[in-house]
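Each protein sequence line maps, in turn, to chains H and X.
The first sequence runs 97 to 180 under my numbering.
The second sequence runs 19 to 562 under my numbering.
Hints in this document: simulated from the structure, not taken from any laboratory.
Beta carbons are placed, not taken as given, at the ideal position from N, Cα and C, and that holds for glycine.
Counterexamples of contact, computed for chain H against chain X with all Cβ distances above 10 Å:
id	residue
1	T107
2	P110
3	V113
4	V114
5	P137
The following label-pair restraints were derived from C-beta to C-beta distances:
id	chain 1	residue 1	chain 2	residue 2	range
6	X	F519	H	I140	53 to 63 Å
7	H	L120	X	A37	36 to 46 Å
8	X	G495	H	L120	23 to 33 Å
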Amino acid sequence: MPEDTDAKRPTVTPMRVVIGLCLLAPFVAMLWVSSYARVDPTFIGIPFFYWYQMLWVLISTALTMTAYKLWQRDQRARKGGASA
Amino acid sequence: MKDGVNGVALAVFIFFFAAVTVMGFLAARWRRAENEATLDEWGLGGRSFGTWVTWFLLGGDLYTAYTFVAVPAAIYAAGAAGFFAVPYTILVYPLVFTFLPRLWSVSHKHGYVTTSDFVRGRFGSKGLSLAVAVTGILATMPYIALQLVGIQAVLDVMGVGGGETTHWFVKDLPLLIAFAVLAAYTYSSGLRAPALIAFVKDGLIYLVIAVAIIYIPIKLGGFDEIFAKAGEAFAQKNEAAGKPVAGLAPGAAGQWGYATLALGSALALFMYPHSITATLSSRSRDVIRRNTTILPLYSLMLGLLALLGFMAIAAGIKVDNGQLAIPQLFETMFPDWFAGVAFAAIGIGALVPAAIMSIAAANLFTRNIYKDFLRPGATPAQETRVSKLVSLLVKVGALAFVLTMDKTVAINFQLLGGIWILQTMPALVGGLFTRWFHRWALIAGWAVGMVYGTVAAYGVASPTQKHFGGSSKEIPGLGEIGYIGLTAFVLNVLVVVVLTFVLNALKAPAGVDETSPADYTADAGDPGVQAELPPATVGAPGGR
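Work out the full structure: start from the sequences and follow the hints.
Laid out in structure tokens, this is it:
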């Protein structure tokens, strides 16, 4: 599935590549299960497997938020300064 | 569990239940519009919800009572494998960010109420639209039934509902009352009722989780102690079974299953009609994107909730029915009054999604079966009347399902529903980005995915069931165990792509596309798109 949602003007700009990467990163991290399927190191007694994925909730939120901000900027630039 | 009624907990539960009932009926007056007799008003709350209402509505809608009961129950039974719900909900939001704003735009421009409306408009195919609508209704019905299972679990633990010997009518009476109330206010207030009640539901849930995640570990001696005990319990379980069935981290054999379940479920979630209904009720395109940055708060909550499954093991909770593990944990650990609050959270947690699901299923029936096939000239007022009635029927059907059949039947169907609904993705999401797919190829792909998924799921046995014992199976050609829904989806896409090449080469008629590229990026306030649709546009499908 294309990460870039604006099919109207398919110019690939660096900003849009960053947006795409922000949205793609959680897939790589979460689907690569063998990278986190272990118990150690634990955090306050919680095995790695659990706190690492919970941490990714926060990381992916930050990434989506970045993508959202960049997207807004991108849209504003395209509309020539009109409010997004 | 069966040692009499927990009076204090029950009183608190009834108090909250009565409060949301009043709210449900008053909701009809909330942001009331001039023209109530349209599906945009009853079924989509006037398409007027802003960021916060949408956040509560979607959160209340997606994280259902069944989720609260089933996710920790899965952890309680199998450990790590049940935690896939967390990566699943992490992956949902980047997907939503990518495709839902386009669906919002095109739906607003053309007055689409359901996904099938869009598919029909995009591909000019009533057959494809019918396939999507029927899949949506089939997948939603057992989901509603499972909300009842969630309420039943809570009532059971509170001691209401009686034992096996109680007369069936007395036993089911609380559930009947809860459902009659739900049906009545959904009928009168439409989507506004669950939107308002979702505030209470989510507030209670967050409160309960926050307290549970601090209070229970303190009582149990900290997370070290909890996981040590859970590890021991799983080790004993594996020894008894003679093979690894549970653990604190997934073994190498379980990793494909874990990843494919997370990905497949993430892809499926926003194919469900109730997710789409909640999304289309938002005020603007931006509301959806902004929501993808705040909805993960629910994923965090879900992760914490999942950990309760380990706490139930550590607290020595022993239940035959895993669904009762968490309610039982609450009753054992909390003072009675707070157990009542926790039970109310789960109970009300069932009402919100059940209401939205029945509205979504009713909209599908009305728009894509009644109006497309039975009565093409239906007016907006007639549509709304039919939708209201069908929302009642859907709920009665779900109730009959739960009361007459074994609970496992509802669970089996819900499992199938997840596999089925994923098969509508090529038409819906594919259609949002490209017109290249051929409508007949999409129907063929859908059919292949449905048949493969159903047959494969039928063939999965578990220690307790001969069929539908789980949702994972060996992926043909790979040799790994993976989620059946995702395998079916891959097959589906392959068929769609190959047949599209063939059909295009044969110059098969492609159907009329009533949308234009600009429709997919239109926002509220743009020319031709109004913040609220005029009633005249609503009645005419694709009216411009």
